[in-house]
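Chemist: Spelled out from the first residue to the last, the chains are:
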Amino acid sequence: MSMNSSDPRLKALARMIAETCDLELTCDELLDRVARYVETLKKRETPDDTLALVEKHLRLCPECREELIALLRAEGVDPASVGISLTDD
Amino acid sequence: MTAKPDLDNQTWIEGLRAGRPEVAAALAHRLRAGLTRAFAGSNGPMRSDIEDFAQEATVRILERLSAFRGDSAFLTWAMAIGIRVSMTRLRRDKRVAPASRLEAIPSSSKSAASQDEHAELLAVLADAIDKDLTPRQRETLLAELDGVPQVTLAERLGVQPNALYKMTHDARKKLKAAIERAGFDANSVRRLLARA
Ligand SMILES: [Zn+2]
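From first to last, the protein sequence lines stand for chains C and P.
If you count by the numbering used here, then the first sequence holds residues 1 to 89, one letter each, in order.
If you count by the numbering used here, then the second sequence holds residues 1 to 196, one letter each, in order.
Read the hints as simulated data drawn from the structure, not as lab findings.
With a cut-off of at most 30 Å between alpha-carbon atoms, the simulated DSBU-like pairs for lysine-lysine come out as follows:
hint	chain 1	residue 1	chain 2	residue 2
1	P	Lys174	C	Lys56
2	P	Lys94	P	Lys166
3	P	Lys166	P	Lys131
4	C	Lys56	C	Lys42
5	P	Lys131	P	Lys173
6	P	Lys166	C	Lys56
7	C	Lys56	C	Lys43
8	P	Lys173	C	Lys56
9	P	Lys94	C	Lys56
10	P	Lys131	P	Lys174
11	C	Lys56	P	Lys131
Can you build the whole structure from these sequences, using the hints too?
Modeler: Right, dumping it as structure tokens:
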């Protein structure tokens, strides 16, 4: 069953592939690192290099992005005020 | 009971490790408050759900204490676990809309030349999905793109979520190699998919 090239999933996948690297965090690894990311956002600081893998995972994984938004709300931060939305643009 | 906002990381961890009930109760209290803020205005969880999620999260946090890296406030880390526990339950029970990958894709309007290139990229990709992936990888990756929650997929396949992530990561790496063989690198893909 070959996919039709107008299938919107293909574009979504192509975009994910552009972000794909050999070294990626799993959702579980993200979970133990996202707190520091949230604190960085809260302080309006620029994420350092060690958070690059966190940001990459968040671009690839809509579920973790959704959880980040909920976590910001739990922490009393409006996600939009720190530039975070469900889409990553 | 009253919140204890000023406990430091060490006090939280030592108290939880020692099984002090007032520390566990303070944690559950903070989790309930955070989850209530997180889900305020959404039509997902009720107050009784939040009570339930906070209890389950407290257990998970205790199991996971040794994974705390100490690079953030303990409560922020704990709250992340509270959110994960809650969202996993809501997704498993189909009580939240799937986190779609498709919405993240901007529409584009491009020159004729780049439209051709764009069409070629997608054709190469469709072909690689057919030829380079195992049936299991293909099925899993497409289901994820359709918004099937990872927890549902992992249960369907009888694997841990980490194993699921590795499976789809391997699949993406195979597809990346295939489009690179056809002359598309990450930058050209980004350029072709970029907003006009
Ligand atoms: Zn994730």
